[in-house]
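Chemist: As a plain string of letters, each chain reads:
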Amino acid sequence: MTSPTAPPRRRERPAPTSTSLRDRLFSSRTVDEPSRIERALYHLALIAACIALVSPFVYVISASLKESTQLFEYPPKLLPIPPYLGHYERLVFESPFPRWMFNTLFVATIVTVAKVFLDSMAGYAFAKLHFVGRNAFFLLMVAMLLVPYGAIILPLYTVVHALGIHDTYLALILPPLCNPLGVFLMRQIIMTLPKDLDNAARLDGVSEFGIYRRIVLPLIKPSLVVLAVITFTEMFMSFIWPLVAVRDQDLQVLTVGVASMRNMTSVNFGLWSAAAVLGMVPLGVAFFLFQRQFQARSIAGALKQ
Amino acid sequence: MEPCLERRARQAEPAVDRGVNDPREEEITVTESYRAIAADDRDGRIMGHRVIGRLMALALSAMLLLAACSPGAPSNAPASDATVSDAPATPAASGSETACGSSVPSDITAEIRFLTGPFSDEEQAAQEAIAAKFNEKFPNVTFTFELFDWYTSRTSVQTSLAEGAHDIYYMGEGDVVFYSADDTALLDIGPYTDDPCYAEERAQINGIDRILGMSPYPVAVPYLWFPENALYVNMDKVREAGLDSTFLESWQSFADAAVAMSDPAAGEYGIGLSLHNYVEWYGRLKSAGADWVTADGSAPGVDTPEAIQVTKDMVDLFTRKAAAPLGTYDYTTGIDAFAGGKLGMVGYDASVAGALTRNEVPFEWELHAWPPGPQSRATVLNTSSFAIGKKTPNPDLAWEVLKHWTSAEVNAEYAGKYGYFPSHQGALEGELGATFESLIPPQMTAARDELIEHGVYMLEIPEAPDMNARATPQIERAYAGEISAEEAIQNIVSIVNEVMGF
Amino acid sequence: MTASSGPGALYSPGTAVTGMRTDRREALSAADHRRLRRRWIVERNLTGWAFVAPVGLFFVLFLLIPVLGVFYWSTQSGRLLGGNEFVGLDNFGRILTSIEASGALRTTVIFAVLSVPAIIVLAMVLGMSLARVKRGATIYRFFVYFPVLVPPIVIGLIWVFLTHIDFGMFNVILRAVGAEPVNWLSTTNALPVVAAADVWRSVGYWAIFFLAAFLGLPRELYEAAHLDGANTVRRFWHVTLPGIRNILLLAVLMATIWALQVFEIVLVLTRGGPGTATRTAVYYVWWYVFGDGQVGLGAAISVLLLVVILTMSIAVVRLIRVRQV
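Protein chains in written order, with my numbering: chain L, 170 to 474; chain A, 7 to 508; chain H, -7 to 317.
Bear in mind the hints are in silico, worked out from the structure with no lab data behind them.
Just so it is clear, CB atoms sit at the ideal spot from N, CA and C, and this is done for glycine as well.
Check each hint, because a few of them may be wrong.
Derived CB-CB ranges, DEER-like [unchecked claim]:
(1) L:Leu248 <-> H:Ile306: 49 to 55 Å
(2) H:Leu81 <-> A:Tyr157: 29 to 35 Å
(3) H:Thr89 <-> A:Glu366: 48 to 54 Å
(4) A:Phe508 <-> L:Ile220: 53 to 59 Å
(5) H:Val169 <-> A:Tyr157: 33 to 39 Å
(6) A:Ser259 <-> H:Pro109: 50 to 56 Å
(7) L:Thr278 <-> H:Pro184: 36 to 42 Å
(8) H:Glu215 <-> L:Gln460: 30 to 36 Å
(9) A:Asp188 <-> H:Arg237: 52 to 58 Å
Straight-line alpha carbon distances no greater than 20 Å define the calculated SDA-like cross-link-like pairs of lysine to any residue that follow [what the hints assert, rightly or not]:
(10) L:Lys246 <-> H:Ala168
(11) H:Lys126 <-> L:Ala209
(12) H:Lys126 <-> L:Gln460
(13) A:Lys327 <-> H:Val174
(14) H:Lys126 <-> L:His212
(15) A:Lys327 <-> H:Thr180
(16) H:Lys126 <-> L:Pro203
(17) H:Lys126 <-> L:Lys390
(18) L:Lys246 <-> H:Leu166
(19) L:Lys246 <-> H:Pro173
(20) A:Lys327 <-> H:Glu172
(21) H:Lys126 <-> L:Leu213
(22) L:Lys246 <-> H:Ile165
(23) H:Lys126 <-> L:Ser204
(24) L:Lys246 <-> H:Val169
(25) A:Lys327 <-> H:Ile165
(26) L:Lys364 <-> L:Glu403
(27) H:Lys126 <-> L:Arg208
(28) L:Lys364 <-> H:Thr39
(29) A:Lys327 <-> H:Asn181
From just these sequences and the hints, can you work out the full model?
Modeler: Here's what the structure looks like:
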């Protein structure tokens, strides 16, 4: 997402007089181009990392396609021929897995859409509007960014219980809406818009909401996508809150459901690995489609300065 | 004129070309760009057509509405605090002294919700089969069965009791004591169980008096009992080591046998300990003649020399490499390991018996009580009971359901199929008894007398499950060699002091 | 949208203040002006708060009140839904004396010490590598970042496989090269293994983070260093590192905060570990509150966690600010 503002300038050093092997390997012709050996090392590091990071997934996929008895085989085969689809069948047709998946997608979508709009509204207000208590409240919200979720599950549970919405979809939807990170990001982004853009609109008598809707929103669309991606991902990965908020099996989300499989009386590694594989699919697909925005998650953290 | 007004007036003046250095040139440009954006939007090019925007808003609000009114919505939650008073339900028993029939009309339409544990992988189907039989008498009663997860069962049951989300609850022994500690959770079934019409049935249920007497007022009726942690022995391996089942007659021979069956280099061990670690050590404590608290309940009772000795004996198994090191297997993978011949013996609950039989393991196995400690040969038993939640809307119907689920007919099949012993005597006699015998794994039948003779139960105070849950990790640390047996016992003493408030 | 109004129109947020649109530059009376301004300010405030209200409401309900609530609950003892009584600061004392709670803090700190440096160093290496290779960067980035998107629960499940004594991937590899299989989840190994799982999972996130940081450094510095004859290592040490100092501090802070909150991986992989080996702070919070019925103790641990995180954040922010001037 960040790129140098100026086109890369190449300042060449005078051509080396000797063409010894050492020079060819270790010296670099330009400042920003690494020497051959340096580049080889980088590639090596990356390949090693990729192997370390990807091989467990390959292993799990392979396990999910094996019957339980085949798991103990040594040496283990990578892909059994023919692949055994029984685990997937059992997961999709005979377990609550599809329900979990639906619940998670449902809740994640609603929260994402709602958060994008609500956070950008609040961000716009913090960035461009003046009202009493603006800075104080914003500071308060930012201070709460550091609060670990695990620390507040108890009182959060009490609040949700008092409101009477526990064990409903609302219990899964409403609390995540309060994450101040979205508001913070939106404010930062909207603050970078030209200062008098909205002033000019106000001159024409456009309502504040109109300014927000017609001017600000279109201009920050890329950031909206990033926020959507961040929110969607977090909803998919949240565990401790859905664990305590919702007890009804019909409302359970993916993470809690998969965890509950771990505690079943009978061991079924094949089933577990199939669940793990299917559990990674939604985010994996989303990642494939929105790669840049996903990686912007990391960079959004840098904005927090 | 006041400065702000002046400023505003100036801003609104028509654009006048004042040259490139005019600071307001920025304004003019911005105003133009704004107009361009607004013009674009008017054609619907940026935010999309207005209709689509409105449709999306509609869809979003529809989804929110759907979420709020979903099946789990509070408006559908039955028996809110306002409708069910705290007064104990007036049982119909008092009104029907003459006839001993049920006071519940057979065409009653209601829903009964169960919260029980996953006792087998076919639990849902098994419960539904029992429900089908109930429907023969009460055809319009529908059932929902919810299975909690053992690991989070406390939370599930607690919250459900508080909300009145279920009618019938599974209770282990510790649960009966724990949940009845305050009287807002479970229904008082005394009026039902003291009813003379129930007396005949009651006389046939083994252990019912103990269970009814466990709580301040009667709440639960048992339907089966089982060893919570018994010894499963791979007899093929025993024989390979040149032994027979007499090795269980003393601790020494038992320990030696475990060593003989071990081959750490091949990843095989004589025994798998702390896999189903719930009450495994407690059994050893009882065999040493000790308990959490002393007999008068005034001080910790765990730090007797015998208790330390039995703990050391267990640690010894690890030191001699007869027991698989902690972390090699856990509750679920340990069963596999035993079935796969990697462990000669394991300590597990009764459900494993059913699983081993169904999976037809290729070796001969037996079930036994644990070998003797200094004072006795204790093996911890547990009883499964059902209780009724206090906030159930129809206590009489719930009682009928409870009676059905604790009857001989139901349990002869259910208990036998999954490897448990029915509490109801009628399930062991006559035709039902024959059904039970045919279903239950023969190893369980063979062990039955041994288990009854040496069976002990967890101490019946509300704090016992907590102390057990907290003591177990300390014992495991001793197994791992992190602390000594004496230190573990000392830690447990401070836990007992903390929990009991000594 | 109205057309641009003529000169003299007053700035008004949204609804026009009727009757005050003047084409005449009349001087308004001071009183009128004050009244007008007051109305205008009130409307301005209302509008501002109207925008913030939805998020603000949820924020107060579901974040602010719970944070205050944690402090309240830490002074209580009792079960989840009832039976509380005030015990003052008793619970905090129990954290120190209770064998388990003090062990929880120790375990959490050790976990953070194991995982955070590994994450940061590896992420910097990968970030640098990604910044400096040209071909295949996209593919590398995809694979490196992928584990970040797997829910921690699934990570735990995957690692249950990898660490299984008989057919886990690690031991299969060990056996293939003729080494002894290792009991990965033993009392001594469990915590490092959990830390390794966390590192494996998080490295991608921070790698991209550092990638952005490296790419954002100005080239002029490098050129100057190059002309001065610095080689790669010296260049990194003297140019790159100071350049990303603030970002690095931030990364360390955030990674540590997340490490202190580890829970899901522990729950699925080791369930608190053999004995108490992997029982971390949040694990105990969950256990005390929802399993053991000692709500106050769980809340006290939460308060402690909050305070520690807050202190660390303030310290790091100070460090960053100091140099920025």
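Chemist: With reference to the structure, classify each hint as holding or not holding.
Modeler: Hint check:
1. L:Leu248 <-> H:Ile306: 49 to 55 Å: holds, 53 Å
2. H:Leu81 <-> A:Tyr157: 29 to 35 Å: This hint holds: roughly 31 Å between Cβ atoms.
3. H:Thr89 <-> A:Glu366: 48 to 54 Å: The hinted range 48 to 54 Å holds for Thr89 (chain H) and Glu366 (chain A), with Cβ atoms some 52 Å apart.
4. A:Phe508 <-> L:Ile220: 53 to 59 Å: holds, 57 Å
5. H:Val169 <-> A:Tyr157: 33 to 39 Å: 37 Å Cβ-Cβ, so the 33 to 39 Å window holds.
6. A:Ser259 <-> H:Pro109: 50 to 56 Å: Taking Cβ atoms as reference, Ser259 (chain A) and Pro109 (chain H) lie about 51 Å apart, which means the hint holds.
7. L:Thr278 <-> H:Pro184: 36 to 42 Å: holds, 39 Å
8. H:Glu215 <-> L:Gln460: 30 to 36 Å: holds, 31 Å
9. A:Asp188 <-> H:Arg237: 52 to 58 Å: holds, 57 Å
10. L:Lys246 <-> H:Ala168: Answer holds: Lys246 (chain L) to Ala168 (chain H) is near 13 Å, not above 20 Å.
11. H:Lys126 <-> L:Ala209: holds, 11 Å
12. H:Lys126 <-> L:Gln460: OK: Lys126 (chain H) and Gln460 (chain L) at ~18 Å, within 20 Å.
13. A:Lys327 <-> H:Val174: holds, 15 Å
14. H:Lys126 <-> L:His212: holds, 10 Å
15. A:Lys327 <-> H:Thr180: The hint holds at about 17 Å.
16. H:Lys126 <-> L:Pro203: holds, 10 Å
17. H:Lys126 <-> L:Lys390: violated, 29 Å
18. L:Lys246 <-> H:Leu166: The hint holds at about 16 Å.
19. L:Lys246 <-> H:Pro173: holds, 19 Å
20. A:Lys327 <-> H:Glu172: holds, 16 Å
21. H:Lys126 <-> L:Leu213: holds, 14 Å
22. L:Lys246 <-> H:Ile165: Satisfied, since the Cα-Cα distance of roughly 13 Å is no more than 20 Å.
23. H:Lys126 <-> L:Ser204: holds, 13 Å
24. L:Lys246 <-> H:Val169: This hinted pair holds, its Cα atoms lying about 17 Å apart.
25. A:Lys327 <-> H:Ile165: At roughly 25 Å apart (the allowed maximum being 20 Å), Ile165 (chain H) and Lys327 (chain A) break the hint.
26. L:Lys364 <-> L:Glu403: violated, 32 Å
27. H:Lys126 <-> L:Arg208: holds, 9 Å
28. L:Lys364 <-> H:Thr39: holds, 19 Å
29. A:Lys327 <-> H:Asn181: holds, 18 Å
In this structure, the earlier hints numbered 17, 25, 26 are contradicted, and the remaining ones agree with it.
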